[in-house]
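Could you build the full structure based on these sequences and the hints that come with them?
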Amino acid sequence: MATPAADTKSSVDPATGSTREKSLSVMQRRWRKFKSLRRGWYSFIALIALYALSLLNPLLINSRALVVSYQGDLYFPAAAEWVGGRLYEAKEFGQRAIGEAEYRRLAEQYEEADEGDWVLMPPYPFHPNENLLREPGLAGNPPHPPQARHWLGTDDRGRDVFARLAYGFRVSITFALVTVSMYYLIGMFVGSVLGFFGGRVDIFGQRLVEIWAAIPFLYTVIIISNLLKPGVWLLAFVLAIFSWVGISFYMRGEFYREKAKDYAAAAIAQGESRRSIMFRHILPNSLTPVITFAPFAVVGSITALVSLDFLGFGLQAPTASWGELVNQGKQNIEHWHLVTFPLAALFVTLQLVVFIGEAVREAFDPKVFSRLR
Amino acid sequence: MAAYFARRFLLMIPTFIGITFVVFMITRFVPGGPVEQAILQLQQASGGEAGGGAAGNGDDGSGVPPEVREQLERQFGFDKPAPVAYVHWMGDLLTGDLGQSYKYSQPVMDVIVSRFPVSIYFGLIGFTLAYLICVPLGVYKAILHSSGFDIASSAIVFMGYSIPGWALGTLLLVYFGGGSFWDVIPLGGFRSANWDQMWEQGEIWWCVKDQLEHTIAPIISYMVGSFASLTILMKNSLMENMGQDYVRTAFAKGLPERRVIFVHALRNSLIPICTGLGHALGLIMAGSFLIEFAFNIDGIGYLGYTSIVGRDYAVVMGILVINTLLVLVGNILSDVLYVVVDPRIRFS
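Protein chains in written order, with the working numbering: chain A, 1 to 373; chain B, 1 to 348.
Hints are computed from structural coordinates only; laboratory data are not their basis. Hints should not be assumed to be uniformly reliable.
Negatives, chain B to chain A, calculated, CB over 12 Å [what the hints assert, rightly or not]:
#: 1; residue: G32
#: 2; residue: L132
#: 3; residue: Q211
One-sided and incomplete, this derived list gives chain B residues near chain A with beta-carbon spacing under 7 Å [to be verified]:
#: 4; residue: I133
#: 5; residue: V135
#: 6; residue: I163
#: 7; residue: L171
#: 8; residue: L172
#: 9; residue: I308
Stretches of chain A that chain B covers, calculated by requiring three or more beta carbons in the stretch to come under 8 Å of a beta carbon on chain B [to be verified]:
#: 10; segment: 91-103
#: 11; segment: 281-295
#: 12; segment: 319-331
No experiment lies behind these values; they were computed from the predicted model shown. Cβ atoms here follow ideal geometry from the backbone N, Cα and C, with glycine treated the same way.
Written out as structure tokens, the structure reads:
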């Protein structure tokens, strides 16, 4: 591939090898174009930054202390929990309580005692699954409205809404990425095979795909999730096996178009194996539609997760989820914050992804409209 | 062409059998089916009155005698092997019998048909409004491409894309349903409980007003999803045609702009919009169960949802059959419409 002669022919510039840095590959050009579309590019950066931040949630939003200094020794309860280490008992830190240490109280206790012990709490010292009804300032029945210590109030079980939203963000994005990659793998494989082999394989395969596509997928997911009580991975898998059909149609169409081109014929004439022709030659040239669809696939699976949680057939009970909060809000319509904040979070997240999607589409598949006027 | 569509109709048969077979099998092999539920009810009943007097008779530990279990299995058609049961079910279907609902103790067809008015009402209004608003908006946006109006309306349209309909509906309920801020819309339902009574008393205006109040929020929720795609489809389609040679020719021969856009370009750009009309058939069964769940509307979507949760499989299968037929026929109808609208297109 990399002989100098081939290079000069393929590059637009007639000069020889020295022009390499000027001629960009298609992908590089698209990447540059994508970066130049500011709205999409900044959305991309913002989403990645938010997701990276949310991966650090256990150190930022947690009821367990970052550092405890007790009788000259240092302990790191939050980090220990994060890496799956043990939880510290209250009595280990000289706290008079049964079970796990309560670090916010411990901090107060050390301050009163003034013996040189100290506690460093995370910036937002509440855990999403923690019942806060014994907290000062949270008198009366939950949900509580937003207030200084609990920015977005509490939900109907007295848990901090902000903490649940932040953890829910991580769950939603992770879920979407896992689901989309799984069903992209299935859909791309099925589509490539149908498109490449064509003929009877295609006619028979298409019927099967059609049947699969027509199974009412949310219904089936509800039946399955009602039984198995799935976790994130299983739910993502169930959603994935009902979502790949659209991708397979894209791939099938692209393969039909690409395999008729000269380079495919050349590869066949060279005697390359089928697998090499399919995956090394045709596949990279058929990716445009599925790549431009990817952000919208992410939008779809985030929405699906929130919808399932809203109905009560999503993730298992204590998992922080946006849809569950919206459902609470629907049942307590006098508490506006229960609906407003999770939907705002959902809206902003989806909007960022849609902006990215628009920019990707513009970079990969620019539509130039010309008109006379 | 007729041969092509005849073949399409014939190909519907294996697809239809495939779909119903797969879902039928799922309903058979999922635990917690109607037999188990009936046994559970029996257990609760006997446990409540006699402290489980019959316990020990059954060898499965459920406390229900095997002959009772057999009778229940026969009653729900679970005594035969699954493929045989499917053939029986299909035989009944071919005579137009969808079976009995376990929950409502009525023929499935009656249960489903009783929900039609709700679905058709919302479906028809949503569908008509979507086309009435999106098509002119799309045309207008295409004419004013990259103007301030275009960019601003695009922003709104894309915002609609980022919020699911049911979510917007819940938001509307909380803000306008009297819970937190304004009290202008009712808290869901298809109409007020005393609607029929008022109608008989001749309070027509009250009835119309009540119905409208119950309609606004669900309709907004229904439309927010299709709004973005339909508007953008219309806009892009017209833009594409505006760049074609025949439009250039029309301008070159001195036709006024209005005539070029509205007579020449618009008619061609309506072609992709028209094909959507084929799916208008589905309006009978319209009704997203998420939106109906959000607004407590007892329509088809909600019926399907409660049937699945309550394992009323006869109703689940009934809805599936009608839905599948409508979708399959709608697909073909869309293609027929394509040919009618655009004679250049040939299927073979």
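Distance rule for L132 of chain B, whose beta carbon must clear each one in chain A by more than 12 Å: 25 Å, holds
A cut-off of 12 Å on Cβ-Cβ distance, and G32 of chain B was said to be off the interface with chain A. Does that hold? 7 Å, violated
Is it the case that Q211 of chain B keeps its Cβ farther than 12 Å from each residue Cβ in chain A? Consistent with the label, Q211 of chain B stays out of reach of chain A, its closest Cβ about 22 Å off (over 12 Å).
Would the stated hint for I308 of chain B survive a check requiring a Cβ distance to chain A of less than 7 Å? 6 Å, holds
Restraint: I133 of chain B near chain A, CB-CB cut 7 Å. Satisfied or not? I133 of chain B check fails; min Cβ-Cβ to chain A is 21 Å, beyond 7 Å.
Taking a Cβ-to-Cβ distance below 8 Å as contact, does the segment 281-295 of chain A have at least three residues touching chain B? The restraint on the segment 281-295 of chain A is violated, since only 0 of its residues have a Cβ under 8 Å from chain B and three are required.
Establish whether the coverage given for the segment 319-331 of chain A by chain B is satisfied; the threshold is a Cβ-Cβ distance below 8 Å, and no fewer than three residues must meet it. holds (count 3)
Take the shortest C-beta to C-beta distance between L172 of chain B and chain A; is it under 7 Å? Where the cut-off is 7 Å and the nearest Cβ of chain A is about 10 Å from L172 of chain B, the hint is violated.
Interface hint status, L171 of chain B versus chain A (Cβ within 7 Å): Interface hint status for L171 of chain B: holds (6 Å vs cutoff 7 Å).
Should the interface hint for I163 of chain B be scored as holding, given a Cβ-Cβ cut-off of 7 Å against chain A? 5 Å, holds
At a threshold of 7 Å, is the proposed contact between V135 of chain B and chain A supported by beta-carbon distances? Where the cut-off is 7 Å and the nearest Cβ of chain A is about 19 Å from V135 of chain B, the hint is violated.
Test coverage of the segment 91-103 of chain A by chain B using CB-CB distances below 8 Å; three residues minimum. Three-residue rule not met by the segment 91-103 of chain A, so violated; n is 0.
Of the numbered hints given earlier, the model fails hints 1, 4, 5, 8, 10, 11; all others are met.
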